[in-house]
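Participant: Residue numbers (my numbering), protein chains in the order written: chain A, 1107 to 1439; chain B, 278 to 701; chain C, 3 to 424; chain D, 966 to 1464.
Keep in mind that the hints are not guaranteed to be accurate.
As the list claims (entries may be wrong) - Lysine-lysine pairs mimicking DSS-like chemistry, simulated, CA-CA at most 25 Å apart:
id, chain 1, residue 1, chain 2, residue 2
1, D, K1163, B, K700
2, A, K1273, B, K396
3, A, K1414, A, K1273
4, D, K1181, B, K700
5, D, K1274, B, K296
6, A, K1342, B, K396
7, A, K1422, A, K1273
Hint data in this document are derived by calculation from the structure and do not stem from the laboratory.
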Amino acid sequence: GCAAAPEEGESGAESVDYKACAVSDEGSWNDKSFNEAAYAGLTKAEDELGVEIADAESASADDFEPNLSNMIDANCDIIFAVGFNLIDAVNAAAVANPDNHFVTIDGYVADESTTNLKPIIYSMNESSYLAGYLAAAYSTTKVIGTYGGLQIDAVTDFMTGYYYGAKAYETETGTPVTVLGWDPTAATGQFTDGFGDSEGAKNISAGQIASDADVIYPVAGGLFSATSEAINESGKDVVFLGVDQDVAVTSPEYADQVLTSVLKKMTDAVYDVIEEQVGGATFDATPYVGTLENGGTGLADFGTFDDKVSDEIKAKLEELTAGIIDGSIDPLS
Amino acid sequence: MTAVISTPVVHTVTEIPRKWKVSIVLGVLSVVAFVLFGLLGDAREALIVFSETSDAIVLPNVPVTSKVLCIVVGILLLALAAVSFWYTVGRRTVPMWLIIAFTILFLVSLVTFTGAGSKIPVVFLISGSIALATPVIFGSLAGVIGERVGVVNIAIEGQLLAGAFVSAVVASITDSLTLGLIAALVGGALVSMVLAAFSIKYLVDQIIVGVVLNALVIGITNFFYAAVLNDNSTETNFPGTLPFLPIPVLSDIPVIGAVLFDQRITTYIMFVLVPLVWFILFKTKIGLRIRAVGEHPLAADTVGINVNRTRFWTVSIAGTIAGLGGAALTLGSVGAFVREMSAGQGFIALACVILGRWNPWLAALAALLFGFSKNFRIFAGQTGADIPPDLIAMVPYLVTLVAVAGLVGRVVGPAAAGKPYVKQ
Amino acid sequence: MTDPTPDTLVKPALDPDDQAPSRWTVALRDIVSGSPLRTFLAIVLAFVVGAVLIVLTNEDFLESVGYIFSRPSDAISAAVSAVSEGYGALFRGSILNLEGNSFAQVVRPLTETLRLATPLIVAGLGIGLSFRVGMFNIGGQGQLLFGAGFAGFVSFQLHLPFPLHLLVAVIAGIGGAAAYGALVGFLKARTGANEVIVTIMLNYIAFYLLTYLMRTPVMQDPTAGGTPKTPAPDVSAQLPLLFGDSFALNWGFVLVIAATVFFWWLMERSTLGYRFRAVGLNPNAALTAGINVNRIYVVAMAISAGFVGIAGVTQALGRTSGFTPTVDAGIGFDAITVALLGGSSAGGVFLAGLLFGAMKAGGPSMQIADVPPELLGVVQGIIVLLIAAPPLVRAIFRLPSPSARTAGDRAKRRSAKKGGVK
Amino acid sequence: MKLELRGITKRFGALVANDHIDLTVEPGEIHCLLGENGAGKSTLMNVLYGLYRADEGEILLDDEPVRFHGPGDALAAGIGMVHQHFMLIPVFTVAENVMLGHEPTKGGVVLDLPAARQLVAEISQRFGFDIDPDDVVGDLPVGAQQRVEIIKALARDAKVLVLDEPTAVLTPQETDELMIIMKQLATAGTSIVFITHKLREVKEVADRITVMRLGKVVATASPSSSTTELASLMVGRDVDLTVDKNPPTLGAESFVVAGLTVLDSTGQRLLDDVTFTIREGEILAIAGVQGNGQTELTEAILGLRSGVKGSVTLDGKELVGASVRDSLDAGIGFVPEDRKKDGLVAEFSVAENLMLDRSVGEPFAKGMNIRFDYLEEFAQKSIKEFDIRTQGSDTLAGRLSGGNQQKVVLARELSRELRLLIASQPTRGLDVGSIEFVHERIVATRDAGIPVLIVSTELDEVLGLADRIAVMYRGKIVGIVDADASRAQLGEMMAGIHA
Ligand SMILES: Nc1ncnc2c1ncn2[C@@H]1O[C@H](COP(=O)(O)OP(=O)(O)OP(=O)(O)O)[C@@H](O)[C@H]1O
Ligand SMILES: Nc1ncnc2c1ncn2[C@@H]1O[C@H](COP(=O)(O)OP(=O)(O)OP(=O)(O)O)[C@@H](O)[C@H]1O
Ligand SMILES: [Mg+2]
Ligand SMILES: [Mg+2]
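Given only the sequences and the hints, what does the whole structure look like? Please build it.
Facilitator: See the structure below:
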């Protein structure tokens, strides 16, 4: 403890008088996935735009409302409610505080007349459809798996797209493909006890591997690390697909198992909204829907697997992308 | 001091009341298995998979018709239930082997029924159950030892959590899994020592200290998780996992090899600890003293055994075992620590202590049953059996409840468990 | 002294091996006799430990420790500002927000404290009641879920006019929870099953059952899209706000005040409470005196759970939207600590509930001040641990031992000098 | 070995249980320690044994001062003790109990059970005990447990053996056997401290006698002193333990027990076909060595037990199968044998305890509300009438002395309209004054024309109170005799030999 004292008065980017705040769903910002991606938009704005930020994690659903009202009291210019579960709370807050601006990620506006609440939502089934096709094509056993962190629409949307993508491969090639962990017609599948249940995630993955799955799609936030552990334990040649962020980049320690990631580009969306506001734009409550078309969602590149994915498949994925964009392919059937 | 000696008079036993409960439960279950899984069962084929193609010795997969196998097993179950009725009619207690054999056969039937039309990966079913049971077994061993010496340990949950936390953090920071394991021992012991000190020295009710300690450990780990681990998780919460240590030759035996001889050090320790704890408790000098202290501390005191010191150290050492259970959750399974990751397994361990009648072997079996019910949820989810997943998730707890209320009921534990010993 | 031989005889009603009285006697005496001074000191001490944790995890402080010898003032000021910011935020979030722009903003934290204390108090009363009958009810979570489930079901499935609908929903919630509690009491009385384990298992069962129902038309919000969530309660079944739109505090708080008074009457003034206490303190004597101990267990667990059920009711009906299976928000477990801290008495639990409610209310603003609100969990744990161990607090603060100090003993000594009590 | 205690003082709070006690025991001597209940005998021996720490004084063994920090030290120094309340672990076998604390081992860790069995067998054989090392102690009769305790002491080669009231649980025959063993041991050089308050025993074996009263040594006597002399030394005044009572005025046979049998959960008969009747205005006393079914009998009558067969009728009303509440409502007053465990709620005030069995309805409640004013009035009346020495009606019952606790129970039980009084060990642990008071109240109840059932292990009390005496042995009534039966006859009956 004999180091020299630092000089006073260092500070970051020049600051602007704008405060952006965020309230998380149940869970922490550092979930290596959903929350983290949204939060990164905030910190990016802090670094690059010099805005002030504040955040609150919600330990339970009971915290949503106090967290939001504390943000209002803390004089936030814009408040991001990150997560589907915050819908009710943020809708109520928006109605009660017409002068504040709110953004809901994964949520929707309950009351048509609300003009201070902007939803940011994603059509994740589109990119997941590509992922499913890719997984089926990549798999040598033609058994692939998926599981969710909770059985909610925001999660099963991914899984359904994945399922039909794989089935598209099946119909196209005539090779039967088994998808473990989700059956959209019966709406039954495998889910952990929430996004923190790494033990459950590991065992579900192990079970799928034991049933010969060699590509797994964990739609469960940061729980891919548990899937990775299950892969290690099995000693088999199994890969998984990341979600939300490009896992091979954000968590490079897993890169050699990440075939690709299904991106949900919340960082950009959050940053863009703040940037617009700081730039003086009037608040625009029209929903933002991330699609393949506008690049809000999509597949990351193949990283270390680039040479293992044939050009043929890559071309096919392009073709599917175009098909989804022009509406000729429905990723939900 | 007006304690009353009231000794029941011993007479020749005339009429032992018949206790029908066990037989009736077995009877009902055997009929369920025979009719529901067998007669009304699924006629599709289930493929029983014993080995991976990559195994040294590959056993062939066995296709069976689910319904047929269930009928066969159902008949065996009916036979066992009949034997249990025969025991009851003869006023004898149904032996433990029968209950265990019945349980195993029933599970075979259940799995075969559920696996109709798909694969039954035997190794996954067994080793997954063991993996899920491991922390619970460690916890219940700690509980058994604690109650045997007279200290009720409700804080198993906290000990598991503390062990999980410190092992992940220490292993992560020092980059040494060995140090992580050692830290887990220390972490579990520390929680135990607080429990011991408060209940032995300050005479606070053991259940209350236990409950409060659980809350405190949850609070502390949550706090450090949020304040420290969260921000630089790659340095502080990325320990990796213990390597698998296959035992040469033995690990090549089909099924058994993978289940018993290709495991992590934590699992091997668990395999060794169950018999070891049993041996120490029932075959050694220190074990005799531990049990004496838990049964009748004053009597132990009168033969020169230091009751409170014995309690303190025994409970503390039991804490190291629970701490290892915590390490089994992190280093022995998924690596990183997650908030409140013990998720009630300490309480399940407590139930296993009672279900296992304060015997390490039986407690471990109870924990295995719990592990199996958790694993079954995964298996059933995968075979696409159309039982609502929320209801399947409920099964382990329902099984424990029924077992505690239905089968065990009023069992007698160590007489002095839960009572402080005060010396004049 | 323990008997040299065990009483292997089975009495009809009582578990012969359930030596609860002695254990409970000690524990309850400890809890119930908590002196205000000791409680206060325990709280102070716990906050001091909390302050240490704040400092030790504060980045500015840790940075300045690096050069503590060249400029110690940095470390000190970092420490002081971290603690004062953290606890200042706690105060701001739970008592008064002096930075507020309007009166409503200034006092809202206080009303938030009351709002969050509402379920804690009443669940704490429920758990406390079970303690006083000598049962360890860890099933707060499950009972609360049952209370919320039943109240919720009535609130959106039945459609009745305002006060009636609310009334029916409240009664349904209490009744649902009470039935669940009665089951625990029944299992204990009938099979001798350990209630700690039974209640814990029932917590899980209640959770999964409710989750399941929230995915079926019975309780599902059709707009929630697969998420297990209930529809919003009808307006006629919502607990109305107490002080208008600016404050979230609702009539649930008044309900809880009434419950507290009822609890006091029940335990201190009524014959039923008398029997509860007798069974809790010495079930053998109660049994010998003709009290049906098994029935008391069932009734007491039902009432205990009924109180916890009120917490479920306020959670379910004190909102304008539907709820999810996590509606218990940890209250079921916090209630145990509240009951312990409050000595299982009406007044004590009420105050303890307010304290914990304040901590909950202050959490978010602490978070904004960059202090993890998880800290409060540590503080709460330490408070209760210290309360549970009076000798420890006395040792830390060098308080005199109470044995020489109670009024009774002083009187005894005086009369002993005069030659005994005649 | 020679044992000497000098100036031992032991206080429990304000109570001085031992006040500067001096005591010397020569090698090979049988030294009797005589004293009433509560005189401080056990306390003194527990100090000697290292269980209690003395506040003052010292202990010398063979003239060397020793300090014991716990029983371990005392045992190592050659002191053995058979405790008044047995220190055996019921779920352990005899061998395990005997070896506990000085276990023979293989390699210092693993128990050597055969060696322990061998040791037990050897000692049993030497003294003619009939003890199987593999029996579980909890299953043994009390007499055999007593012998296990002695084996425990002998297995450690005790040079000084303390026997704390070993005869309380023995039949007269078993007592005689024990005395022979004591003499054997003394001849072999063991110093023995023998505690009892039965004068006959003292006179038979003692070499020297020390009498204690109220924590002090009041005299040293020789066995040639007369019984009355010893008794008055012990009690501190001339004793007259006879109870003043008139001949009974007998009424109807209102209480009938016929073929009462109690089974425990394992099917053992704890009570075997017990039949007797009590008439109005009559006291029937059940005599017998403790643990022969007396507890089960009273509990079965009250409805506290399951597994009861046969019939119990009071005023023609069948009570088998009725709840405790029903039995109380039928008019049974019940004084349990263990007042702390079954009679009182220690943390309740005196007043609260007085309403324990009438917590519903009149007179103590109105609706659901307790009538605190009535309760207070009732408590004051009871305190006065029963001479309960308490600071007030709000004093916690646990803070009263044993005798006053008993008076609280009596006040409660006698305040109801009774049709039968059952009192178990009504004077256990009470001082002479309280004993007289309790006896008076019991006799008064009888004289009011109520049948009374007394259970007592004190033969003096039985002989003093009873109009008729029933003797129980192993769950059976061996015989019912008149109150003028001889001690010898009763003794034989208590040992199971029919009258
Ligand atoms: N552990 C204790 N705490 C408080 N008081 C005690 C304790 N043990 C004994 N006493 C009190 O000390 C006194 C002497 O008790 P002690 O047991 O030595 O009597 P005793 O002579 O052995 O009587 P008895 O013949 O009934 O066995 C009694 O008043 C008793 O109540
Ligand atoms: N737990 C206690 N707390 C305070 N005072 C007590 C306690 N127990 C006993 N006392 C007091 O100590 C004194 C001695 O009690 P103890 O029970 O030894 O009386 P005793 O001599 O055995 O009387 P009795 O013959 O009536 O049984 C009494 O005055 C009693 O009130
Ligand atoms: Mg004594
Ligand atoms: Mg006394």
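Participant: For K1414 (chain A) and K1273 (chain A), compute the direct alpha-carbon distance and say whether it is at most 25 Å.
Facilitator: holds, 21 Å
Participant: Taken at face value, is the distance from the CA of K296 (chain B) to the CA of K1274 (chain D) at most 25 Å?
Facilitator: At roughly 19 Å apart (the allowed maximum being 25 Å), K296 (chain B) and K1274 (chain D) satisfy the hint.
Participant: Sort out whether K396 (chain B) lies within 25 Å of K1273 (chain A), counting only the CA atoms.
Facilitator: Cα-Cα ~21 Å, so holds.
Participant: Hinted pair, alpha-carbon criterion (25 Å max): K1422 (chain A), K1273 (chain A). Please report holds or violated.
Facilitator: holds, 15 Å
Participant: With the threshold set at 25 Å, check whether the alpha-carbon distance from K1181 (chain D) to K700 (chain B) stays at or below it.
Facilitator: OK: K1181 (chain D) and K700 (chain B) at ~24 Å, within 25 Å.
Participant: Taken at face value, is the distance from the CA of K396 (chain B) to the CA of K1342 (chain A) at most 25 Å?
Facilitator: holds, 18 Å
Participant: For a C-alpha distance cap of 25 Å, please report whether K1163 (chain D) and K700 (chain B) respect it.
Facilitator: violated, 30 Å
Checked against the numbered hints above, the structure breaks only hint 1 and satisfies the rest.
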